[in-house]
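K.L.:
Sequence:
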Amino acid sequence: MQLAGLDWQFFYGVDTFVEKPNSDKIGALTDIGAIKHMPGDEPVHANRYSWDGGSYADYTEQFNHAMSLGDGGFSFNVKAEGIGRYKLDLYTHNWLSSADVTACIKQQCVTIKNDITTHMTGVQNSIVFNTTSIDDQLIVTYKRVARQWDYSQSEGYHSLEAINLSEVK
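For what it's worth, my numbering labels the leading residue of the sequence shown as -13, then goes sequentially.
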């Protein structure tokens, strides 16, 4: 995956990431609910990422983290700082558990359901949104949600890999 948007972040550890220089359109992550951060035994990415001046290969010796969410997750804000049409891609992977991605702008929300996988599967959640004011903010939450067919509430994990914001032409 090429991270080449207006703003992007690539995650490779607990609260450790590389971001697009001189851009702050994607806000800081905030944990919500019960989360346990677990460093992995080896790099855990379902996708390969690259960006101008680097790639995931620069971080292969470092551990990616997984989040055992319980009923928790994380949230962040996106402020595109312009009037227009934008696309936010949230790249995650999960194992033995399900999650919901909810995106809201001006109190209008949409939810994408990520259902259980039995092996590490990369998920690209794409959210297209419009801004009508330079002050509009997209609020994104990613939260584990138990579904009747999930393996077990004590098993499974989720991992945040990357976020990419681009303008839709």
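For the record, the hints were derived by calculation from the structure and aren't laboratory data.
Every residue gets a Cβ at the ideal spot worked out from N, C-alpha and C, and that includes glycine.
It is possible that part of the hints are untrue.
Label-pair distances were calculated between CB atoms; the ranges are [said to hold, decoys possible]:
(1) Arg71 x Gln93: 17 to 23 Å
(2) Gly13 x Ser112: 15 to 21 Å
(3) Ser9 x Ile125: 30 to 36 Å
(4) Val96 x Ser36: 17 to 23 Å
(5) Lys92 x Glu153: 15 to 21 Å
(6) Met24 x Asp101: 30 to 36 Å
K.L.:
Determine which of the earlier numbered hints do not hold for this structure and return their numbers in increasing order.
P.N.:
3, 4, 6
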